[in-house]
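> Chain by chain, the residues:
Protein chains: 2
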Amino acid sequence: MSTRTLEVRLAERSYPVVIGPDLLQQPGLLLPYLKQRRVAVVSNETVFPLFGRKLVDGLRQAGLEPTEIVLPDGEEHKTLSSLERVYDALLRHAFDRKSVVLALGGGVIGDLAGFAAATFQRGIPFIQLPTTLLSQVDSSVGGKTAVNHPLGKNMIGAFHQPRIVLADTSTLATLPDRELRAGLAEVIKYGLIRDPAFFDWLELNLPALLARDDAALTHAIFESCRNKAEVVEADEHEQGERALLNLGHTFGHAIEGVLGFGTWLHGEAVGAGMVLAARLSHRLGTLSAAELARTETIIGAAGLPVEMPDIAAERMLAFMEHDKKNQDGAIRLILMRGIGKAYVDASVSRAALTDFLRRRN
Amino acid sequence: MSTRTLEVRLAERSYPVVIGPDLLQQPGLLLPYLKQRRVAVVSNETVFPLFGRKLVDGLRQAGLEPTEIVLPDGEEHKTLSSLERVYDALLRHAFDRKSVVLALGGGVIGDLAGFAAATFQRGIPFIQLPTTLLSQVDSSVGGKTAVNHPLGKNMIGAFHQPRIVLADTSTLATLPDRELRAGLAEVIKYGLIRDPAFFDWLELNLPALLARDDAALTHAIFESCRNKAEVVEADEHEQGERALLNLGHTFGHAIEGVLGFGTWLHGEAVGAGMVLAARLSHRLGTLSAAELARTETIIGAAGLPVEMPDIAAERMLAFMEHDKKNQDGAIRLILMRGIGKAYVDASVSRAALTDFLRRRN
Chain A
1262 MSTRTLEVRL AERSYPVVIG PDLLQQPGLL LPYLKQRRVA VVSNETVFPL FGRKLVDGLR
1322 QAGLEPTEIV LPDGEEHKTL SSLERVYDAL LRHAFDRKSV VLALGGGVIG DLAGFAAATF
1382 QRGIPFIQLP TTLLSQVDSS VGGKTAVNHP LGKNMIGAFH QPRIVLADTS TLATLPDREL
1442 RAGLAEVIKY GLIRDPAFFD WLELNLPALL ARDDAALTHA IFESCRNKAE VVEADEHEQG
1502 ERALLNLGHT FGHAIEGVLG FGTWLHGEAV GAGMVLAARL SHRLGTLSAA ELARTETIIG
1562 AAGLPVEMPD IAAERMLAFM EHDKKNQDGA IRLILMRGIG KAYVDASVSR AALTDFLRRR
1622 N
Chain B
1262 MSTRTLEVRL AERSYPVVIG PDLLQQPGLL LPYLKQRRVA VVSNETVFPL FGRKLVDGLR
1322 QAGLEPTEIV LPDGEEHKTL SSLERVYDAL LRHAFDRKSV VLALGGGVIG DLAGFAAATF
1382 QRGIPFIQLP TTLLSQVDSS VGGKTAVNHP LGKNMIGAFH QPRIVLADTS TLATLPDREL
1442 RAGLAEVIKY GLIRDPAFFD WLELNLPALL ARDDAALTHA IFESCRNKAE VVEADEHEQG
1502 ERALLNLGHT FGHAIEGVLG FGTWLHGEAV GAGMVLAARL SHRLGTLSAA ELARTETIIG
1562 AAGLPVEMPD IAAERMLAFM EHDKKNQDGA IRLILMRGIG KAYVDASVSR AALTDFLRRR
1622 N
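Protein chains in written order, with the numbering used here: chain A, 1262 to 1622; chain B, 1262 to 1622.
Chain A with its partners taken away, still in its complex shape:
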């Protein structure tokens, strides 16, 4: 199976996204981006034994001096105190402004290690080595980095673009089924917000993706990254179009927040959140019944929850009011005008939203 490469074009901050098998076993791919021997491999206790040990050995053989920073696994560790552990290790090993951070893991590691790199000595280079479908199609591309705060997800962060992204599809072989499905939520999202042809392709190829067919996965990751790159290129700092990438996320973050981060996977919450967004769009008259049905069907077929958990509307709203996309106190929702046509709507009143969240339909 061949490797595919995509360029994220952001002037002097442009970078390649390389997608294909066995990339982590080719440290030579990283060497052009490492200006000195000191390099940190930030990972977690689940991923590091699977891929990190081998990566570190390869880097050492290439003459580098890798420092291992292995954090506990899980969204509940995406905190300021984990960040302090990374800062401490970088300083103890005398990292400087030319040292490079490698983020080896899923979205939590990528976001956290990326934020550490964004803020260590006011910014050092970093490289994304995503090992989950979710991070390969979403968080590793676009430069959003962050940690969580008890009062909200990703509340503390920065925009900091990686120097290169290596999406090694071989790492997906060991990914639990539940996480594969959660990753598909973000893949489906690209079809829903801006790419009806990709959505058609997904409807046909979902069985192949669930069976982890190599060619299908590579195509889905490539198309997802292409869509994400186009959005980020047009709106790096989320002043406009980039907000559309949050389809299902305002509802989804609230679901995650109320249940406690980690009860539902992010992709699961986004899956149920996209159904809510589609249902609200239908109720507002912008999405047809047939398009709502296609949305519900593909999310269900991906093995994602179609129904949100049993949460009081008021609790959902309390979380939604903390969303970063809000402006001037109004809740900004991403809704649909059709499959492939998402838009921002800040005009839904609290009363209408409460009523909708009570019926969930």
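It is possible that some hints are incorrect.
Just so you have them, the derived chain A footprint on chain B, three or more residues with Cβ under 8 Å [as the list claims (entries may be wrong)]:
1) 1340–1348
2) 1380–1393
3) 1418–1427
Hint data in this document are derived by calculation from the structure and do not stem from the laboratory.
Given the structure is predicted, the values throughout are model-derived calculations rather than measurements.
Every residue gets a Cβ at the ideal spot worked out from N, C-alpha and C, and that includes glycine.
Got chain A; can you put chain B on it based on the hints?
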């Protein structure tokens, strides 16, 4: 006395620096930069009673909803845990991406509140209201924000430009003499690194500055900010010329670090550090004896320490090796080729530096 305004030209991140008396009593100056009613006033327990209460009242009368975030005073509080207090307050008051942070205080408050604004929800606007000479001539202009780490000053930070800087010279009336002198260290620095004519002016006008003559102070602040703005415009992210602004700082940070932050004021350590840089330059043959003497004289006349404290060379070096300006393990020093001509030198060996720090001459 009239108000002077300077523009820091950084394309879409350009902003004015306004210098003059009684600016904090004119909340109207801030209104064009506040897009919503929610605004945080971050200050400390010393400065807030002096100027903050009045500022908050003025903002409230102008129809805004200010939130007071008052931290303990002192460099020892420029930490990640103070930062958490700011994040907590912003989230508890439902701040969003259009909310604005006002930093009212000296460099510690400006750096810390600026970093909070740089990272809260991946970046919200902030405004610098510096109330010390040091922060008016240095830290409030240029967009460097940071907090300290036990292993080094300003190790965690970001570049984040303010929307406007109001340097209210009336606040200097209550500034302790020791802090006024510490601020003069950075003023003298601009003369030493790039502006011989300003250095000549300073030699003549130092008595007027020490006597807090209004016109002299306004001129010194304006010329300092102009020099800093020119450097920052040419090199926002410290790839080259901006490093020259650190004349005296590599030595100075080490002095502060060994003594414990807060024992010597930052400006005092920079004063002694600039003398060390000048002496080393003289020893290396790039600075004449007459120019070294002028440097020592003006620093002594400003009431700043000319001699570093009694610290072993090895302890100084251990701190200097953590400096952010270092690359590939080499210590980068800012030295002088003459008054008004600083340059970067990474070629001084550890042995030569140890020997110099033992003799201090």
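> Please go over all the hints and tell whether each is borne out by the structure.
Structure-based check of all given hints:
{"no.": "1", "hint": "1340–1348", "in the structure": "holds (count 3)"}
{"no.": "2", "hint": "1380–1393", "in the structure": "holds (count 5)"}
{"no.": "3", "hint": "1418–1427", "in the structure": "holds (count 3)"}
Violated hints for the displayed structure: none, as all numbered hints are satisfied.
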